[in-house]
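Novice: Residue numbering for the sequence shown follows the working numbering, beginning at 8 and increasing consecutively.
Possibly wrong hints are sitting among the right ones.
As the list claims (entries may be wrong) - DSS-like mimics (lysine-lysine), calculated; alpha carbons at most 27 Å apart, straight line:
hint: 1; residue 1: K35; residue 2: K175
hint: 2; residue 1: K13; residue 2: K35
hint: 3; residue 1: K222; residue 2: K120
hint: 4; residue 1: K185; residue 2: K120
Hints listed in this document are in silico derivations from the structure and should not be mistaken for laboratory results.
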Amino acid sequence: MIRFTKLHGNGNDFILIDEYNGEVIPDKPGFAATYCDRRFGIGADGVLFLTNSDCADLRMQLFQPDRSEAEMCGNGIRCLVRYAIDEGYIAGASAVETLAGIIEVDLDAEWIKVNMGTPAACGIEHLEGYEVYSTNTGVPHAVIFVDDLEIAIDEIAPAIRYAPVFPKGANVNFVKVKNASEITIRTYERGVEGETLSCGTGAVASAYVAHRSGKTGDRVVVHTVGGSLRISLAADGEAFMEGAAVRVFDGTVEI
């Protein structure tokens, strides 16, 4: 029997496997493909594996339903940190090793603050009739500004997600600017191959592009389908994300 924990960040939900004291799941891609299934598995947008690290306080690996490993996940890292605090592995400011590098995190009241690093400079492409901004906030992102978010994202986004300008694929964010300090987004995530209720790296990418294009200030509340995140952009280029992470339940599964 394998112990797991279910967590979510604004509805972006994860299965977490604790491997802090040793490997539990050798076939991580296969486990994710099987147990992320919402009808025949536990159900999740991805599986977080928490392990020890030689260069940080913790190490995070994220495998997605399509068996791919993601470099980074904003909502996922908050969930991992919430679990690690609950279990006593860390307390307060800490560092987490990811494929995207070392990520610094801290606890701000009930919200978790994450230093997301410096987003990659914006590029602009014209794809599928849209002006598409490209950036990288740990994973590649496409950002598209729209006047109306009531669109068929699952029909529109795949062609952009797989566009040749994104060799590794991209998450696709559709953004509506509410005012200089608020935006609303919907995100189609690679690996999940569908819309998720929230995407942390997508929120950072959208806030960054909105600010760089003069649509918002350097502090932005990003509203997603599943909840809101606070994004702040420092003068030195670093981006910070603040949001909640909820531990839903613990369970066991026989594999």
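Novice: If you check each hint against the structure, which ones fail?
Specialist: Result: no hint breaks.
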